[in-house]
Each structure stands twice: as structure tokens, then as C-alpha cells.
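K.L.:
These protein sequences, in sequence, are chains V, S, X and U.
Using the working numbering, you'd call the opening residue of the first sequence number 22 and step up by one each time.
Using the working numbering, you'd call the opening residue of the second sequence number 22 and step up by one each time.
Using the working numbering, you'd call the opening residue of the third sequence number 2 and step up by one each time.
Using the working numbering, you'd call the opening residue of the fourth sequence number 2 and step up by one each time.
These are computed hints drawn from the structure, not numbers from a lab.
Beta carbons: idealized from backbone N, C-alpha and C, even for Gly.
Be aware that a few hints might be false.
[Stated by the list, open to error] Away from chain X, derived, C-beta distances all over 10 Å, residues of chain U:
#, residue
1, Pro23
2, Leu40
3, Ser52
4, Arg53
5, His140
6, Gly227
7, Ala279
8, Asn314
9, Gln320
[Claimed, not checked] Derived contacts from chain S toward chain X, CB cut-off under 7 Å, selection only:
#, residue
10, Arg146
11, Ala168
12, Tyr176
13, Asn208
[Claimed, not checked] Here are the simulated DMTMM-like pairs of lysine to aspartate or glutamate, each with C-alpha atoms no more than 25 Å apart in a straight line:
#, chain 1, residue 1, chain 2, residue 2
14, U, Lys24, V, Glu370
15, X, Lys324, U, Glu281
16, S, Lys333, S, Glu322
17, X, Lys5, X, Asp198
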Amino acid sequence: MPRKKSARPKGSGDAEVAIAEPIEGLPEGLTTGDLVESYTQMILVRTIDERIWALNRQGKVPIAASCQGHEAAQLGSLLAAQKDGRCFLFPYYRDLGLKMAAGLTPTQVMLSFMGKEGEPYSNARQFPMQGADLEHNIIQISNVVGAGLTQAVGYALACRMQDDDTVVLTYFGDGASSQGEAHEAMNFAGVHRVPVIFICENNHYAISVPQHRQMATDDLASRAQGYGFPGFTVDGMDFTRCYEATREAITHARTQGPVLLEMQVERLMPHTTDDDHLRYRTQEELDAAYERDPVSNFGAELIARGIITPEKSDEIKAEALKAINEATDAADAATLPDPSTMWDRVYSE
Amino acid sequence: MPRKKSARPKGSGDAEVAIAEPIEGLPEGLTTGDLVESYTQMILVRTIDERIWALNRQGKVPIAASCQGHEAAQLGSLLAAQKDGRCFLFPYYRDLGLKMAAGLTPTQVMLSFMGKEGEPYSNARQFPMQGADLEHNIIQISNVVGAGLTQAVGYALACRMQDDDTVVLTYFGDGASSQGEAHEAMNFAGVHRVPVIFICENNHYAISVPQHRQMATDDLASRAQGYGFPGFTVDGMDFTRCYEATREAITHARTQGPVLLEMQVERLMPHTTDDDHLRYRTQEELDAAYERDPVSNFGAELIARGIITPEKSDEIKAEALKAINEATDAADAATLPDPSTMWDRVYSE
Amino acid sequence: MAVKNVIEAVREALREEMQRDPKVFIMGEDVGKRGGVFLATQGLIDEFGESRVIDTPLAEASIMGIALGAAFRGMRPIPEVQFSDFIWPAMNQLIGETARACYGSNGVLQVPLVIRVPYGGGIRGGLFHSQNVESIFFHTPGLKVIAPATPYDIKGLLKSAIRDNSPVVFLEHKKTYRLVRGELPEGEYTIPIGQADVKRAGEHITIVSYGLMLHYCLEAAEAVAGEGIDVEVVDLRTLRPLDKETVLNSVKKTGKLLIVHEDNVTGGVGAEIAALVADEAFEYLDGPIRRLCGPDVPTMPFAQTLEDEYMPNTDKIVQALRKQAAY
Amino acid sequence: MAVKNVIEAVREALREEMQRDPKVFIMGEDVGKRGGVFLATQGLIDEFGESRVIDTPLAEASIMGIALGAAFRGMRPIPEVQFSDFIWPAMNQLIGETARACYGSNGVLQVPLVIRVPYGGGIRGGLFHSQNVESIFFHTPGLKVIAPATPYDIKGLLKSAIRDNSPVVFLEHKKTYRLVRGELPEGEYTIPIGQADVKRAGEHITIVSYGLMLHYCLEAAEAVAGEGIDVEVVDLRTLRPLDKETVLNSVKKTGKLLIVHEDNVTGGVGAEIAALVADEAFEYLDGPIRRLCGPDVPTMPFAQTLEDEYMPNTDKIVQALRKQAAY
Ligand SMILES: Cc1ncc(C[n+]2csc(CCOP(=O)(O)OP(=O)(O)O)c2C)c(N)n1
Ligand SMILES: Cc1ncc(C[n+]2csc(CCOP(=O)(O)OP(=O)(O)O)c2C)c(N)n1
Ligand SMILES: [Mg+2]
Ligand SMILES: [Mg+2]
């Protein structure tokens with residue numbers, strides 16, 4: 022699989038952690054079986070993502086943020102965390118792929134988007150998949166941009182206090198990087214060498230605001246230097262690259278402290294179902310982005326390298342469709358939360 | 022006058038602005054007359070600063086933050102601003118020297134510290150010299166650390182909107198650099214290339230918290246790179262160096278956008294009159310700091326270079342003492358604000 | 002007179018004031034090409050350019066602090082917070098700095114600034130896109146707080162707010178944006194800040210309300226009119242400074258008071274209205290002062306059933322009115 | 002029983018709870034070697050080490066957010082805000098995230114966290130070192146809010162707060178730190194959250210107060226006792242959840258209510274007390290509900306004359322009591 026030479030070490034903090042240049046063959050710990058499984062997940066995520074959008078147009082899903090274009094970054098980094106086995110996640114609101122690959126069933130996802138009883142993060146008190154899914158080591162209280170970062174740092178600090186070598190991965194967008202709390206989180210993490218990885222899914226837009234109106238630099242990774250830890254920019258459309266960079270970052274975080282990983286991706290869909298991105302992006306720009314679709318490109322790669330056959334790929338897609346259809350029906354049939362539960366659990370019981 | 026080789030360019034943004042290495046002779050625009058005048062101001066500031074501390078012990082001044090150790094940085098940068106003639110200031114709460122040199126009389130300063138009628142910033146509604154002194158182009162609403170930075174950026178942006186080429190200088194401490202708003206201010210300034218200079222008076226302490234618990238880097242200037250503009254660290258104990266660096270920064274700010282200037286100073290006194298710094302600093306550390314006293318060293322330099330005589334120096338001190346004595350008496354005799362004015366001016370009239 | 006909705010009224014006010022005064026400018030997230038997420042600023046960047054319609058980085062504290070700094074220089078900024086839910090990071094600038102700048106400079110600094118805040122629920126916004134945030138501003142001396150309910154009031158009050166030299170928090174209920182329509186006069190007009198409006202005269206019970214709830218109150222008043230309950234509906238419009246006179250006069254006439262708001266009941270604006278009346282119109286009261294407000298849970302949950310349970314609505318108000326009438 | 006002041010009571014509670022439970026830790030600005038600017042944490046770094054008494058960078062939002070994250074992992078953080086005036090940058094974490102974490106995860110996440118907040122004026126703190134910030138927390142479902150007035154109550158309530166699994170805003174009036182002294186029992190004790198305390202029984206007028214003002218109220222009650230005015234003084238101690246029972250019972254007995262607090266009057270805690278009584282004890286009221294509170298100016302000015310003008314004090318309370326009695 023050809024890899025783009027995309028890891029550009031930016032931090033001064035710890036030169037010895039420079040991420041290795043891509044080599045032929047698979048990165049450490051990754052099997053072809055993993056690739057097939059991740060591709061299968063990607064297809065599932067993409068299929069449900071598209072379905073949710075359609076359900077929104079049908080009035081069944083009030084709002085959704087699509088992860089189309091972010092799948093390789095989310096699934097690649099997650100796979101590294103899963104293989105490590107001692108990671109905890111504070112995802113971003115656009116991380117449908119991450120949350121699914123971490124363990125949610127399609128039905129649970131559908132319950133989330135339809136706001137039905139049984140929703141796993143908050144029993145539908147919150148926006149889809151917002152709250153906590155402790156079974157899968159995930160917390161995301163809110164979609165207030167930037168607010169999860171300090172919490173992730175605190176969680177990681179607590180792990181260390183408890184002599185537990187968990188590493189925390191916290192995800193955010195290029196827009197979120199402008200928030201004061203992003204700075205405060207990174208600064209504290211640097212000072213206390215907290216085992217946390219800051220993963221920026223940089224899709225170059227915060228709703229309609231393009232990157233050059235968000236930051237004066239070409240990349241975010243250059244900021245890490247000011248916090249005394251390393252930062253890297255990786256091609257977030259390249260699944261194995263994201264896996265590899267995250268794997269190395271986990272090792273670094275556990276032994277030496279924070280890392281900033283910027284994964285450059287594309288937002289293929291409008292910001293949310295409420296948005297129309299043609300107000301602020303040209304069709305040409307979008308067409309170029311579609312060319313870089315991480316899911317179809319990953320599939321094409323796997324086929325080109327003989328890891329799967331075109332028939333297998335079709336089979337994966339057919340199975341995903343079947344699973345999503347069933348999930349949609351199940352969620353459609355599910356009940357709404359009992360109104361009286363609105364009053365519960367304002368405080369710990 | 023020997024100069025320390027202290028300018029260490031840190032920013033990548035604009036290499037052409039690297040501040041010149043110190044040369045023999047005076048920097049551009051600076052006359053020996055300026056040096057004598059600035060020394061005279063420094064002595065006045067130091068004398069009043071010491072007096073205020075004494076008055077606190079006598080119960081006449083409820084609280085004071087001393088600027089001892091910061092005089093060269095404050096007066097050097099201010100002189101550059103004054104010579105430029107088109108600068109506006111958002112000072113920090115420790116900037117007694119700056120505020121005096123900008124134009125306050127000793128009596129006005131004493132009225133401020135005693136909370137008397139006629140106090141120039143807020144008529145004694147606020148802590149000493151907090152509010153606005155528009156006559157001298159100064160605004161400092163609060164001493165909430167970090168809050169002035171975004172306001173300074175907004176002020177500078179407004180100047181540009183009005184086709185006015187004012188440059189804004191905003192002062193803050195090493196502690197303040199940790200605030201989210203410091204980040205937000207610098208980020209916005211970088212994106213919009215706002216004519217603002219961020220001057221950090223880095224005295225290596227935020228009350229008791231030492232620099233290495235505040236930031237993981239050796240200096241703050243390295244952060245500028247992440248905002249796409251230049252940052253420099255200068256020896257804040259060196260008056261001419263501070264003048265020179267600020268002068269160049271003003272030119273840069275006016276033509277190309279923000280600059281971060283870190284002036285490394287020493288806090289010679291406890292944080293405020295309420296503090297006892299021996300709880301967290303050793304006597305040895307303090308003794309070393311006293312050696313670097315910018316005021317006595319500046320005086321010694323001027324004498325060594327024959328710019329003033331020892332007698333002249335004594336005369337300057339005697340005059341300062343006289344002025345401060347008169348100011349103290351005047352402020353002592355001044356009345357307190359009329360209680361009924363407490364109700365006024367909650368809203369613009 | 003043309004019939005417009007609330008968002009159109011907002012946009013008209015912004016455009017007219019920007020045309021009138023070159024010092025007026027807009028800043029916020031996505032206010033430029035996107036026209037704001039609710040399209041309040043749609044088209045303004047084309048008319049006034051990038052320097053007067055500024056897309057900011059995603060950082061509310063700086064939006065507020067920069068606006069304040071610009072106001073100090075004599076500009077008249079209109080920062081927008083995308084949803085009220087995201088105003089919290091800006092609280093220090095708003096409550097600490099903006100509200101106190103005039104007082105803290107002994108009147109030297111003016112702060113001609115209007116922060117526009119889309120707020121409120123009933124739109125399936127869940128915990129973080131439904132908040133009512135008015136009580137905190139209501140409690141802050143130095144701020145003016147406006148929360149109108151109709152296109153006419155919104156336009157007239159937004160124009161007054163922009164011309165005011167004190168900082169104004171301008172609350173626009175999101176659900177009213179497209180739902181509520183009304184006539185807008187052709188010509189120029191403004192509505193004075195600080196005046197409540199009796200939206201329906203009545204003899205038996207006073208309702209005090211504002212924002213979206215006002216419309217439900219008016220519906221409820223109509224609903225009980227047939228039962229012989231004649232309800233007076235006072236629309237506060239401006240929350241701070243509070244128009245005590247209008248509230249007190251109404252209660253002195255009717256003797257009974259029901260306060261309705263969407264915000265959590267405890268410590269909400271309604272508490273102050275009750276306290277005001279229990280002090281200054283005590284002798285006129287014929288019965289206990291009642292509040293029908295959002296319950297004490299953290300804003301509105303997402304699921305339809307839960308949101309419905311949270312929101313005060315016409316039915317719930319009708320029942321409360323019947324209870325008050327029966328007392 | 003030893004006589005201690007308020008700051009000593011705080012310190013004792015912290016030390017005992019840290020000894021009892023290794024999950025309890027302290028974080029904030031200058032809490033380490035400096036022992037906090039009010040010396041509440043003096044000596045604790047020596048006893049418990051740097052990992053349990055953490056000097057943070059100067060950044061309140063992160064102090065709060067990091068504490069919250071640590072609580073999610075089962076720790077019991079006690080973040081300190083140096084002065085209440087500096088809590089604003091942390092508001093999003095506190096109001097948006099901390100208060101809603103339990104509700105927003107449907108009860109899955111517990112938040113055993115106590116944020117200690119030195120607050121209040123009368124100490125020549127000026128606009129930015131004197132603030133009363135309780136009303137905003139008081140209005141926030143999901144938070145518990147405690148504001149005791151005596152060393153005994155402070156210690157017992159702080160210990161309960163630390164053991165509670167919900168987030169607690171713990172308000173310590175700065176002026177009481179060294180001014181107010183009282184007996185502390187030798188052994189272990191706690192005081193339940195949510196119970197007001199009748200600090201003085203009386204028949205004619207109820208005063209509801211808390212914090213520093215409580216002491217002035219007690220003095221004033223004594224002062225008018227000789228005039229035949231028998232005042233009952235209710236110390237709320239916990240503001241949220243509010244002990245409605247104790248307030249209502251007292252007013253039902255006396256028929257007259259005066260509410261005293263230092264915070265600005267409009268929209269303060271007193272408004273809710275008035276609203277509560279005007280609803281649920283209306284029939285028992287013998288006269289209007291009065292409030293004696295801080296005026297509606299942005300906190301307290303610095304000059305002695307201005308601060309005195311702002312602060313409610315014993316004299317002003319005495320006058321208000323006489324007026325209430327005469328009604
Ligand atoms: C504090 C805050 N301000 C504003 C918003 C509204 N908002 C939601 S997402 C978003 C853009 C986020 O951009 P980015 O961080 O780049 O993430 P992306 O959507 O591109 O994945 C904005 C402004 C918010 N959720 N929180
Ligand atoms: C937001 C905020 N938090 C805390 C404080 C209390 N405080 C006042 S000064 C100070 C330390 C400031 O340190 P630094 O910025 O380095 O300035 P220095 O005092 O060293 O000049 C602190 C914590 C404050 N004023 N504002
Ligand atoms: Mg983005
Ligand atoms: Mg410092």
C-alpha cells in the first residue's frame with residue numbers, strides 16, 4: 022500500500038519521538054485481517070452515516086453531524102488504542118465512526134439519532150451519543166466545543182494518581198483549537214507531563230469558517246512546541262498512517278507525556294443536516310475533496326493489493342446495508358423515554 | 022554602556038524582523054538626555070513604590086502591588102511608545118512605573134493608593150490606578166488576570182477600522198500567559214494581523230507559583246510561532262534593550278501585525294503587601310535578584326559612563342523624596358469620595 | 002405594512018443600523034458568508050464587506066473581549082454568540098469587564114455594544130442548544146437585558162439597543178425566529194428600552210411573561226376567556242431595567258399574578274417579579290403569587306417526550322390560570 | 002471544645018478528609034507552599050505531598066475542567082478558586098459541564114467534587130475582589146450550593162460536601178475568615194447538606210440570611226430585642242437545595258419576613274425566598290416581604306466611604322426591622 026510521506030515532526034520537545042517514515046509493508050502490530058475488519062467497520066459507518074442523513078430529510082432524525090471524510094482518522098487512531106488496550110477516549114461530536122468502532126451496535130446508533138428509549142449515552146436526554154458510554158471507555162458530556170479537552174487532561178491525571186497507566190485520547194476540531202480551553206488543557210498537560218494525546222481532526226472548516234480565518238499557521242502541530250511537547254501532522258485520509266502515528270503517540274504519552282496529533286482530513290458533507298455548504302465552499306473544492314474519500318480509497322487499495330476481492334467488498338457493503346436496515350426498523354419501533362424520567366437524576370443517587 | 026546579548030528571536034513568522042544585536046552607542050532615537058530623564062522617573066517610581074509599602078504597614082494603604090524590579094521593562098517600553106507618539110496602552114496591575122511615566126503625578130498616585138477623591142482612574146471606585154486614564158491613553162478595567170489582552174486586540178482592530186495607525190501595547194505576566202484568553206487574543210491578532218504588541222513581564226512567579234509550574238518551556242516567546250507572528254525574549258532589566266526591542270516591535274506591529282515581547286525581569290518584592298515571599302522563595306534566590314536591581318544598576322551605568330555624576334544622582338533622589346513627601350501629605354489631607362456617588366454611573370449618562 | 006418573521010426583523014434592524022452608522026459592525030462565528038447559523042446576518046457581508054461583518058475564530062471569550070475593546074475606541078460592535086449555550090466562556094468578559102467598564106471608570110468609558118444571543122428551547126436542542134440564560138444577566142447591574150417576543154418589538158428594540166451607549170444583552174428566542182410572524186411598519190421606528198407592554202388587557206389575573214412563552218400565554222388567555230376568566234398579559238420585553246410600574250399597576254388592578262417563563266424556576270426572573278409584587282403591591286394581592294416555569298432540571302432533554310415534559314405550554318398555562326381564578 | 006476561626010475550620014475539615022480518604026485532593030493557584038492566599042491549605046502540602054496538593058497554572062477554566070475529569074475517574078477533587086471574582090472563566094465547566102454531567106449521562110457519571118470559593122466584600126476589595134456570586138449557582142440545577150457563616154457550620158458542611166457524590170459550590174465569606182470565631186468539637190462530626198438552622202428563635206419577624214450578613218442580623222436582632230421586637234433569625238447555610246420547610250415554618254409563625262444579603266438585590270437569592278413565601282405562605286403573611294440587600298451597582302467600590310455605603314450592616318438591619326415591626 023503506497024503511503025503518503027505525511028508525518029512532519031513539529032515539536033521540539035522530544036526529538037527521539039519523531040514518528041518513523043512510512044515503510045513498505047504493514048506497520049507494527051497491524052495484520053491484513055485488521056485491515057479487512059477496519060474496512061468492514063468503515064463501510065458500516067459510512068452506510069449508517071448516509072442513512073441518518075436520509076432519515077433527517079424524512080423528519081425522523083432532528084439533527085446529525087456526519088463523519089464522512091473522517092473515517093480513516095477515527096478508525097485508524099481507535100485501532101491503535103484498542104490494540105494498546107489501556108486507553109480512554111474523550112471524543113468530539115463528529116466522531117460517529119469512533120464511537121461505533123469502539124463498540125456501539127447500529128441499533129444503538131439509530132436509537133441515539135432518533136432519541137429513543139435505550140439510547141446508550143444518556144437514554145436520549147442528549148444529542149445523539151453524547152453523555153457517557155463507560156462500557157467502551159468513552160465520555161463526552163457536551164458538544165460545547167473545546168470543553169472536553171481539560172476534562173481529558175484531568176482524567177489522565179487521575180489515572181496517574183491511581184498508578185494506572187491508562188492513556189487518554191481526546192479529539193477535537195480545527196475550530197476547537199481556537200478556544201482558550203484548548204490552550205489551558207495543553208499547557209497543563211505539558212507542565213505536568215500528563216499521559217494524554219490531543220488529536221485534532223483538522224478538516225479545515227469550522228462550520229463555514231475556513232482554516233486561515235481560524236489560525237494564522239499552516240498547521241496546528243506547530244503549537245505543541247510552545248507547550249514543550251511534540252506535535253505531528255499526519256494525513257488523516259490514510260488509515261494505516263493514522264494507526265501508526267497514534268500507536269507511537271500512545272507509547273510516548275505513557276512514558277513521557279502529551280503529544281499533539283493533527284490529522285488532516287476533509288469534511289465531505291455539510292457541517293450538519295442544518296447546513297448548506299455551498300454557501301461557503303465551491304463545487305470544485307468539494308469535488309477535489311470527494312476524490313480523497315478515505316473509505317472508497319481504502320477499499321480500492323485493499324483490492325489493488327489483493328487483500329480483498331471486489332466481490333468481498335460488495336459483500337461487505339451488502340451486509341452493512343442489511344444491518345442498517347434492521348437497525349433502522351428496530352429503532353423506529355422503539356419507544357420514546359417515559360416523560361416522567363425527565364425529573365430524575367439531577368443529582369447522583 | 023555594555024549590553025547583554027539578550028535578544029533571542031523565537032518566531033518563525035517574519036524573519037526580517039529579527040531584532041538587531043546590541044551595538045555600542047545608543048539605539049536609534051535615544052539621547053543621553055532621555056536616559057537621565059528616564060533614570061529620574063525610575064527613581065521617582067522606586068521611591069513612591071517603597072513609600073506605598075510603608076504606608077500599607079501604617080494602615081493607610083489597603084493593598085499594593087510593587088513594580089520593583091520591573092522598572093526598566095516598563096519605562097523602556099513606554100519611552101519607545103512615547104517617542105512613537107501613536108500608541109495606546111492596556112497595562113497590567115503591576116505597572117505602577119508605566120502609569121506614572123505615562124503622566125500621573127505622585128499626588129495622583131497617592132490618591133489612588135489611599136482611595137481618595139480625585140483618584141484619576143475611577144475616582145477611587147477601584148483598586149489603585151484601575152479603570153481608565155484616557156488623557157494618557159490608558160485603559161485597564163480590571164485586575165482579572167488575562168482579561169485585558171482581548172480588549173487590547175479589539176481596541177487595535179478598531180483603530181485599524183478607523184484608518185488610524187495607532188499601535189496598542191498590552192502588558193501581562195508569566196502567570197497570565199496560562200489563561201485561555203491570552204491564547205485567544207494572540208490567535209485572533211495573528212489571524213487578523215492586528216497592530217498589537219503583547220508584552221509579557223516575565224518575573225518567573227505568579228504569586229508563589231514558579232515558572233516551571235506555569236509553562237513547560239524556558240520562555241514564552243516560543244509560543245508566538247504557533248500564532249504565526251514573531252516572538253522575542255529580551256533582558257527586561259536592561260532599559261535600553263527594552264526601549265529598542267519595543268521600538269522595533271512598534272514598527273513591525275504597524276506594518277505587519279502582532280509581536281510577542283517577553284521581558285525577563287525579577288520581582289524584588291513579595292507579590293503584594295499581603296504576601297510573604299519567604300514562604301516560597303529562598304533568601305539566596307532573592308539576594309541574587311537584588312543584585313540585578315534595574316534601578317541601581319542603571320544609575321551605576323550612567324555614572325560609570327559619565328552621563329551623570331554621583332552628586333546628580335543624589336540630587337535626583339533627594340528631589341524624588343521631596344516630591345513623594347509632598348504627595349503623601351496632599352493625599353493624606355484629601356477627602357474620601359462622597360458616599361452618595363456610590364449610586365452613580367452604573368450606566369452611561 | 003409587510004408581514005415578517007422574527008429573523009427577518011432582526012436582519013432588517015441590523016441592516017438599517019449598519020447603513021445609518023458606519024461605526025456599527027458585526028462579529029461572530031459564521032456571520033459572514035454563512036449569514037449566521039440562523040441566517041440573521043444573511044447578505045450583510047455582501048453589502049458591508051468583510052471588515053464590518055467579521056467571521057471570528059471559534060472562541061467566545063475573545064469575541065466578547067474584542068468587541069469590548071473596539072467599543073472603547075468608539076466603534077459600536079454587535080458580537081453574536083451562536084447559541085446562548087456557548088456564552089459561558091465569555092462570561093468573564095461580559096459580567097466582569099463589560100458590565101463594569103462604565104462604573105469602574107467612573108463613567109469615563111462608554112460601552113456601546115449589543116451582544117445578540119439566540120436562546121431557548123422547544124427545538125429539540127437538548128441540554129446544550131436550548132438554554133435560557135437570562136437570569137444571570139438580569140442579575141447584573143451595568144447590563145441592559147432585552148428579550149422581545151414579536152417581530153415588531155424585536156426590530157424596534159434592537160435598533161434602540163444598537164444606539165444605546167450601555168452594553169445590551171439582546172436575547173432572541175430561537176423558536177420564535179420562523180414561527181412568529183407579525184407586521185412591520187415600512188418606515189423607521191424604535192421602541193424605548195425599559196418599557197413593558199400590556200399585550201392583552203384583562204381584569205381578573207395578571208400574567209407576566211416574555212419571549213416565546215408570551216405567545217403561549219396569549220393563547221391561554223384566549224382559551225380561558227370563554228370561561229369568564231379575563232386575563233391581562235404583560236410582556237416584559239426589557240428584563241433589565243425592569244418596568245416595575247407596568248407590572249405593579251397590572252397586579253394592583255387584577256389582584257392575582259401568574260408568572261410564566263421557560264427558564265428553571267428557582268432563582269429565575271420570575272422570582273424577582275414575585276418579590277417585587279410581594280413587597281410593593283402586597284396590599285392588593287388577592288391570592289398567592291404563582292409561577293409556571295421550567296422545572297429544576299439542567300435545561301431541556303433531547304427526546305421529544307422529555308422536552309415536552311419540560312416545556313411550559315398553552316395547556317399547562319390554561320390549567321394554572323384556572324387554578325389561580327379558582328383561588 | 003476549642004475556639005477556632007473560620008479559616009481554621011476550613012483547614013481542619015480539609016485535613017481530616019484528606020487523611021480519611023486518599024482520593025481527596027486539592028488543586029488551585031498557590032495552594033501549595035503558599036498555603037493559599039488565605040492560608041486555608043497551609044501545611045497540607047507538607048503532610049500530603051505535591052501530588053495531592055497541586056499548584057496549577059493560572060487558568061481557572063482548566064482548574065475546573067481538570068477537576069471534573071479527575072472526578073470522572075473516581076477521585077474527589079477540591080479545586081480552589083482564589084477569589085470568587087475569578088470564577089467567571091470557569092463558568093462553562095461549572096455550569097455547563099459539571100452541573101449537567103450526572104443528568105446528561107442519565108446518572109452514569111458521578112461528580113464528587115467541591116469547588117471552594119472565597120467570596121464577599123467589606124474587605125476593601127473593590128470591584129474585583131468583593132463579589133457575591135451565589136445567585137448564579139443557586140439558579141443551577143445539578144449543583145449544590147453551601148454558604149455557611151460559623152466555624153462549626155463551615156467544618157461540618159465542608160466535610161459533608163467532600164463526601165457528597167454531587168458537585169458542590171462551597172462559598173466561604175472572606176470577611177468571616179478571621180473575624181468570626183466559635184467552638185469546634187474535638188471529635189468527628191458532619192452537618193447534613195440542605196438544612197437551614199434557626200440561629201435565634203423569635204415571634205415577631207423572621208429574618209432569612211446567610212454568610213457574613215447572618216452575624217449582622219443576629220446583632221441587629223439583639224439590638225431590637227430591648228424594644229420588644231422579637232426576631233427569629235434563619236441561617237440558610239445551604240442555598241441549594243433550599244430548606245423551604247424551615248423558612249416557611251418560621252414565616253408561618255411570625256407572619257413577617259425580612260431577607261438580608263450582601264449580593265445585589267435584583268435577581269438575588271432573596272428574590273426566590275420572597276417568591277417562595279409569597280406562594281406557599283401567602284395566607285400567613287401580615288405584611289409585605291422586604292429585602293435589605295446590596296444595591297444594584299456592580300459589586301463594591303474600593304474607597305472606604307463607598308464600600309460602607311454599599312454594605313448592609315447592623316444599623317441598616319435594625320432600621321429595617323423597626324420598619325417591619327411598625328407595619
Ligand atoms: C463553544 C461553542 N461555540 C460554538 C459552537 C457551535 N458549533 C458547533 S460545531 C462548530 C464548528 C466546529 O468546528 P471544528 O472544531 O473545526 O469541528 P468540525 O465541525 O469541523 O468537525 C461550532 C461553531 C459550539 N458547539 N460550542
Ligand atoms: C483570573 C484571575 N485569577 C487569579 C487572580 C489572582 N492573582 C492576582 S495576581 C496573580 C498572579 C499573577 O502572576 P503574573 O501574571 O505572573 O504577574 P505578576 O504578579 O508576577 O506580575 C494571581 C493569581 C486574578 N487576579 N485573576
Ligand atoms: Mg473543522
Ligand atoms: Mg509573574
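K.L.:
Next step is simple, just say for each hint if it's right about the structure.
P.N.:
Here's how the hints hold up against the structure:
1. Pro23: At roughly 31 Å from the nearest Cβ of chain X, U/Pro23 sits farther out than 10 Å, so the non-interface label holds.
2. Leu40: Holds, since 26 Å exceeds 10 Å.
3. Ser52: holds, 29 Å
4. Arg53: Fine: 29 Å to the nearest Cβ keeps U/Arg53 off the interface.
5. His140: violated, 3 Å
6. Gly227: Fine: 27 Å to the nearest Cβ keeps U/Gly227 off the interface.
7. Ala279: The assertion about U/Ala279 is violated, with a minimum of 4 Å to chain X.
8. Asn314: holds, 20 Å
9. Gln320: The claim holds: U/Gln320 sits with its nearest Cβ about 16 Å from chain X, beyond 10 Å.
10. Arg146: holds, 6 Å
11. Ala168: Holds, because the Cβ-Cβ distance from S/Ala168 to chain X comes to roughly 6 Å (cut-off 7 Å).
12. Tyr176: holds, 4 Å
13. Asn208: With Cβ-Cβ at 6 Å, under 7 Å, it holds.
14. U/Lys24 with V/Glu370: holds, 20 Å
15. X/Lys324 with U/Glu281: Holds - the C-alpha atoms of U/Glu281 and X/Lys324 are around 14 Å apart, at most 25 Å.
16. S/Lys333 with S/Glu322: Within the cut-off at roughly 13 Å; holds.
17. X/Lys5 with X/Asp198: holds, 20 Å
Violated hints for the displayed structure, listed by number in ascending order: 5, 7.
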